[in-house]
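Peer 1: Just so you know, the sequences run in chain order W and E. Everything in the first sequence is counted per the working numbering, starting at 2 for the first residue and increasing by one. Everything in the second sequence is counted per the working numbering, starting at 2 for the first residue and increasing by one.
Source of the hints: derived by calculation from the structure; they are not laboratory data. Remember, predicted model here, so these are calculated numbers, not experimental data. All C-beta atoms, glycine included, are put in the ideal place defined by N, C-alpha and C. It is possible that some hints are incorrect.
[Said to hold, decoys possible] Quick partial rundown of chain W residues pointing at chain E, CB under 7 Å, derived from the structure:
no.: 1; residue: V98
no.: 2; residue: T99
no.: 3; residue: I322
[What the hints assert, rightly or not] List time: in silico BS3-like cross-link candidates among lysine-lysine, alpha-carbon distance up to 30 Å:
no.: 4; chain 1: W; residue 1: K53; chain 2: E; residue 2: K55
no.: 5; chain 1: W; residue 1: K320; chain 2: E; residue 2: K53
no.: 6; chain 1: E; residue 1: K320; chain 2: W; residue 2: K187
no.: 7; chain 1: E; residue 1: K385; chain 2: E; residue 2: K425
no.: 8; chain 1: W; residue 1: K317; chain 2: E; residue 2: K28
no.: 9; chain 1: E; residue 1: K320; chain 2: E; residue 2: K305
no.: 10; chain 1: W; residue 1: K430; chain 2: W; residue 2: K28
no.: 11; chain 1: W; residue 1: K126; chain 2: E; residue 2: K458
no.: 12; chain 1: E; residue 1: K321; chain 2: W; residue 2: K55
no.: 13; chain 1: E; residue 1: K339; chain 2: W; residue 2: K251
no.: 14; chain 1: E; residue 1: K385; chain 2: W; residue 2: K321
no.: 15; chain 1: W; residue 1: K55; chain 2: E; residue 2: K320
no.: 16; chain 1: W; residue 1: K442; chain 2: W; residue 2: K395
no.: 17; chain 1: E; residue 1: K63; chain 2: W; residue 2: K28
no.: 18; chain 1: W; residue 1: K129; chain 2: E; residue 2: K129
no.: 19; chain 1: W; residue 1: K63; chain 2: E; residue 2: K317
no.: 20; chain 1: W; residue 1: K202; chain 2: W; residue 2: K28
no.: 21; chain 1: W; residue 1: K339; chain 2: E; residue 2: K251
no.: 22; chain 1: E; residue 1: K339; chain 2: W; residue 2: K63
no.: 23; chain 1: E; residue 1: K63; chain 2: W; residue 2: K310
no.: 24; chain 1: E; residue 1: K425; chain 2: E; residue 2: K472
no.: 25; chain 1: W; residue 1: K63; chain 2: E; residue 2: K28
no.: 26; chain 1: W; residue 1: K82; chain 2: E; residue 2: K38
no.: 27; chain 1: E; residue 1: K320; chain 2: W; residue 2: K53
no.: 28; chain 1: E; residue 1: K129; chain 2: W; residue 2: K14
no.: 29; chain 1: W; residue 1: K385; chain 2: E; residue 2: K187
no.: 30; chain 1: W; residue 1: K63; chain 2: E; residue 2: K307
no.: 31; chain 1: W; residue 1: K55; chain 2: W; residue 2: K208
no.: 32; chain 1: E; residue 1: K63; chain 2: W; residue 2: K321
no.: 33; chain 1: W; residue 1: K89; chain 2: W; residue 2: K321
no.: 34; chain 1: E; residue 1: K14; chain 2: E; residue 2: K63
no.: 35; chain 1: E; residue 1: K63; chain 2: W; residue 2: K63
no.: 36; chain 1: W; residue 1: K55; chain 2: E; residue 2: K126
no.: 37; chain 1: E; residue 1: K63; chain 2: W; residue 2: K385
There are 2 protein chains.
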Amino acid sequence: MMEERYVKEITPKSQDFSRWYIEVIRKAELVDYAPMKGMMVIRPYGYAIWEKIKELLDRRLKETGHVNAYFPLFIPESFLKKEAEHVKGFAPQVAWVTHGGDEELEERLAVRPTSEAIICSMYAKWIKSWRDLPVLINQWANIVRWEKVTRPFLRTTEFLWQEGHTAHATEEEAEEETLRILSIYKDFVENDLAIPVIAGKKTEREKFAGALRTYSIEALMADGRALQAGTSHNLGQHFSRAFNIRYEDKNQNLQYVWQTSWGVSTRLIGAVIMVHGDDSGLRFPPRIAPIQVVIVPIPANEWKEKIYKKGEHIEKELKKISVRAHFDSREEYTPGWKYSDWEMRGVPLRIEIGPKDMEKKQVVLVRRDNREKIPVSQDVLIEKISPLLEEIQKSLYNQALNFLKENTHNVNNYEEFKEIIENKRGFIKTFWCGNQDCEDKIKDETGASIRVISMEKEEKSEGNCVYCGKKAENLVYFAKAY
Amino acid sequence: MMEERYVKEITPKSQDFSRWYIEVIRKAELVDYAPMKGMMVIRPYGYAIWEKIKELLDRRLKETGHVNAYFPLFIPESFLKKEAEHVKGFAPQVAWVTHGGDEELEERLAVRPTSEAIICSMYAKWIKSWRDLPVLINQWANIVRWEKVTRPFLRTTEFLWQEGHTAHATEEEAEEETLRILSIYKDFVENDLAIPVIAGKKTEREKFAGALRTYSIEALMADGRALQAGTSHNLGQHFSRAFNIRYEDKNQNLQYVWQTSWGVSTRLIGAVIMVHGDDSGLRFPPRIAPIQVVIVPIPANEWKEKIYKKGEHIEKELKKISVRAHFDSREEYTPGWKYSDWEMRGVPLRIEIGPKDMEKKQVVLVRRDNREKIPVSQDVLIEKISPLLEEIQKSLYNQALNFLKENTHNVNNYEEFKEIIENKRGFIKTFWCGNQDCEDKIKDETGASIRVISMEKEEKSEGNCVYCGKKAENLVYFAKAY
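Sequences and hints are given; from them, build the entire structure.
Peer 2: Written as structure tokens, this is what we have:
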């Protein structure tokens, strides 16, 4: 039967995670490969998730005083070179424009790998006085980084993101902004994407090229590898000194501004897929699901008309209360095929209506998160949906939180460390002396990197470095990462 | 006085339109020049208008069944070459990426000047059966065209736009879609941007490179030049044959699809500025104004606290009913300076509150469209605002419509044609034989081009070609254009 074949076409997640990921994102029509190596097309069903992400995060950023703007795609090579560490970090990944029409350019242009250089050159013009501060600008844009190994959503030559770039009068304000954004990201990812994250500070080795300090939120994928889900950088005065961004303070003294930058990208869609998916396909958290409720009719000849009418009515009523509902009226597929198809596509809630349901004046709800079947009277159906969607949202978060807890290992010695990274993966919570030598050696020997230095106050304590055994003050999270 | 100087810094619109345009968009902080020739930065106040345009147009497109997606920025040169007229039209304007990191690419990549080529290559994979049609995809994206002469918003090397790309089973459906979009554009520009437009068909000379037929909406700027504000193309089967996009029809026969593409861009912001602005600066239609109402306190010492409290309260109450209000609490500027500043920035409605108003329990409203001053009791203020904003929206439209009517000239002979183009500009409505020779000669001799062939049914009639005098069936609109 067709429906059986359809579901079996996806490699089960539990069997081969990488294959499952690639198969499910293409079968669910989230994404397709473009004809150019390493580039992807985000199809409507996948782009709808990005639209929800944009809407929900943009609202949070605007509520905290940020405004959007748009800066050019191209950055002259000389600008990229102004901040020494920055160019070192990004130059190997830059796509270069060398010709405009038939003419060779005098100076080649970088397709933005990030926009600090161009934005700072404008801030140097715009910022004159303490009255101009703070500047709290965000940009939604496309970014290009020439990548050798790519995977849709996680690492592609082009991706979409938002990048915030702020300027402040004092170091304290910049640090405050950096941490405010980190907490906005954490709140957004945990509440709207239902993904629990570890927030913390990056080591010198892992920080952004040009930053003073980098903070990030890290999520744990179902295969035990960590994914950096968002970063917030305190840039200090590195860029303001390189680009000469100065303001006159209240005492008429010229001061360099203090800056931050921060971003999340379409990579978040990859995180949603990898955290919540199961053997049958995707499972989208209701708040970002393109379709929250699918209504599937089970038509028997004499009942067909009534069932279709009811299905259309339910769709209409749900849309009225802003539920993203879809009535699947296709006649060329069986109900069973449709169930599998919509499960694979991750719709959080299904409403089935058959002849028996019509007789009983009910419908059957089927939750995607736990497959529970709930018969509900047609009279009270509409009012049940929003609370149930919120419950599914929480249930997905709790499942992911349990997974994170079960796969976070407190470890004190290096043998155990290696054994866990080799066999179980997940996060390893341990002490590190702060010496980059130890960090490098662990990375070389196990493939695990320090994802973040813990910022949780209650965890401030002392131990011994898991590698060298010396006294250590940094409680850190190690993991293999994407 | 500071406030006097500020206003005088802008060249009056009536004195030098081009200078006024450049000065006002920079003074109002809509836009700034980027350090690369021909590129612009859209500043927060300008970008807020683009966000409103996106929101209002995107809603219309979704209501008519369109969905958004995202296709790659880069297009391999060989793809661009597949449709012969298309590459001929765009190749001279392409920015070419030749290197990724340190490596030279085997095939150079075009930074998209428009996305037909890359989108068609994907449609060839996605479209198999009549069940897959219609495909109604839109994309919001950045576009690069290497331009020799640039002007912010109107013609820049990079700009933002939406581009719709649809595929249909029949020629009729494609034509229907092309015209549906044209009418959506007309409705949107007239109602939300308050700009009356002429809709019609382009001549062969002026159509899109690769299209079967192009339709456009044309607006008249305050200097009497026309601006193409949106285009909708019926692509016929030109691209489906070049890219081999075929579907199996209900009789199992393979058929090439029929396609359309259409777009509007950040150029619309330029149109808003040029149509509505006056000697004092910008005038934004309320529906797209970043700030709809500005509240300016006139503090006298003993009244200051009460006036500020009232101003903040009004801002809060207006925001509650979704009016974009702003209380200008800055203490370093005088009320008079603020009036000029917000007038220059185009805010549709100003609320002034001074000590005398507080005594009378009133405020004074000042309309930007006609400078009318309206004292209003504080008790009924909030409920008055939305209707008044709608009235201002209509008033701006009507002013623009009157200007369009006054500057559309019915002309029958070529001497008069030349005289009007030379001295008055505006649209010339006349007959044209359909011969491209006449069209070319008029363009060479006067600089005016055929903006559109009229589609208005009541205007179908016959006359003589304004150039050669032969019998002519095309009633056309000529103008000098941006």
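Peer 1: Look at each hint and say if it fits the structure.
Peer 2: The hints, checked one at a time:
1. The closest approach between the C-beta of V98 of chain W and any C-beta of chain E is roughly 5 Å, which is under the 7 Å cut-off, so the hint is satisfied.
2. For T99 of chain W, the interface hint holds, the least distance from its beta-carbon to any beta-carbon of chain E being 5 Å, beneath 7 Å.
3. Proximity of I322 of chain W to chain E is violated relative to the hint, the smallest CB-CB distance being about 18 Å (cut-off 7 Å).
4. Our distance criterion of 30 Å between C-alpha atoms is met by K53 of chain W and K55 of chain E, whose separation comes to about 15 Å.
5. A threshold of 30 Å between alpha carbons decides the hint, and for K320 of chain W with K53 of chain E the separation of about 23 Å falls inside it, so the pair holds.
6. Simply put, K320 of chain E and K187 of chain W have alpha-carbon atoms about 28 Å apart, close enough for the 30 Å limit, and the pair holds.
7. Proximity of K385 of chain E to K425 of chain E is assessed by CA-CA distance (about 40 Å); at most 30 Å being required, the pair is judged violated.
8. Note on K317 of chain W and K28 of chain E: the hinted pairing is violated, with a Cα-Cα distance of about 48 Å set against a maximum of 30 Å.
9. For the given pair, K320 of chain E sits about 23 Å from K305 of chain E by alpha-carbon distance, which is consistent with the 30 Å threshold.
10. The straight-line distance between the Cα atoms of K430 of chain W and K28 of chain W is roughly 37 Å, outside the 30 Å bound, and the hint therefore fails.
11. In summary, the hint linking K126 of chain W to K458 of chain E is not supported, as the alpha carbons are separated by about 54 Å, beyond the 30 Å threshold.
12. Among the hinted pairs, K321 of chain E with K55 of chain W is consistent with the structure: their alpha-carbon atoms are about 23 Å apart, no more than 30 Å.
13. Between the alpha carbons of K339 of chain E and K251 of chain W the distance comes to roughly 22 Å, so the proposed pair stays at or under 30 Å and holds.
14. The straight-line distance between the Cα atoms of K385 of chain E and K321 of chain W is roughly 29 Å, inside the 30 Å bound, and the hint therefore holds.
15. Between K55 of chain W and K320 of chain E the alpha-carbon distance is near 22 Å, which keeps this suggested pair within the 30 Å criterion.
16. Simply put, K442 of chain W and K395 of chain W have alpha-carbon atoms about 40 Å apart, too far for the 30 Å limit, and the pair is violated.
17. Annotation: proposed proximity of K63 of chain E to K28 of chain W holds, straight-line Cα distance about 24 Å (limit 30 Å).
18. Straight-line distance between C-alpha atoms of K129 of chain W and K129 of chain E comes to about 59 Å, which puts the hinted pair past the 30 Å bound.
19. A C-alpha spacing of about 16 Å is found between K63 of chain W and K317 of chain E, which places the hinted pair at or below 30 Å, so the restraint holds.
20. Of the supplied pair hints, the one linking K202 of chain W and K28 of chain W is violated, its CA atoms being roughly 37 Å apart against a limit of 30 Å.
21. Distance hint between K339 of chain W and K251 of chain E is fulfilled; the C-alpha atoms sit about 22 Å from each other, no more than 30 Å.
22. In summary, the hint linking K339 of chain E to K63 of chain W is supported, as the alpha carbons are separated by about 24 Å, within the 30 Å threshold.
23. With a C-alpha separation of about 24 Å, the suggested pairing of K63 of chain E with K310 of chain W holds against the 30 Å cut-off.
24. Between K425 of chain E and K472 of chain E the alpha-carbon distance is near 27 Å, which keeps this suggested pair within the 30 Å criterion.
25. Straight-line distance between C-alpha atoms of K63 of chain W and K28 of chain E comes to about 24 Å, which keeps the hinted pair within the 30 Å bound.
26. Using a Cα cut-off of 30 Å, the hinted pair K82 of chain W and K38 of chain E holds, with the two alpha carbons roughly 19 Å apart.
27. For the suggested pair K320 of chain E and K53 of chain W, the alpha carbons sit about 23 Å apart, so the restraint of at most 30 Å is met.
28. Between K129 of chain E and K14 of chain W, the direct Cα distance comes to roughly 29 Å. Compliance with the 30 Å bound is thereby established for this hinted pair.
29. With a C-alpha separation of about 42 Å, the suggested pair K385 of chain W and K187 of chain E falls outside the 30 Å cut-off, and the hint is violated.
30. Distance restraint check for K63 of chain W and K307 of chain E: the Cα-Cα separation of roughly 29 Å lies within the 30 Å cut-off, and the hinted pair is therefore satisfied.
31. With a C-alpha separation of about 25 Å, the suggested pairing of K55 of chain W with K208 of chain W holds against the 30 Å cut-off.
32. A threshold of 30 Å between alpha carbons decides the hint, and for K63 of chain E with K321 of chain W the separation of about 16 Å falls inside it, so the pair holds.
33. With a CA separation close to 53 Å, the supplied pair K89 of chain W and K321 of chain W exceeds the 30 Å bound.
34. A distance of roughly 38 Å separates the Cα atoms of K14 of chain E and K63 of chain E; the hinted pair therefore is violated under the 30 Å criterion.
35. Distance restraint check for K63 of chain E and K63 of chain W: the Cα-Cα separation of roughly 24 Å lies within the 30 Å cut-off, and the hinted pair is therefore satisfied.
36. For the proposed pair K55 of chain W and K126 of chain E, the alpha carbon gap of about 29 Å is at most 30 Å, so the pair holds.
37. Among the hinted pairs, K63 of chain E with K385 of chain W is consistent with the structure: their alpha-carbon atoms are about 27 Å apart, no more than 30 Å.
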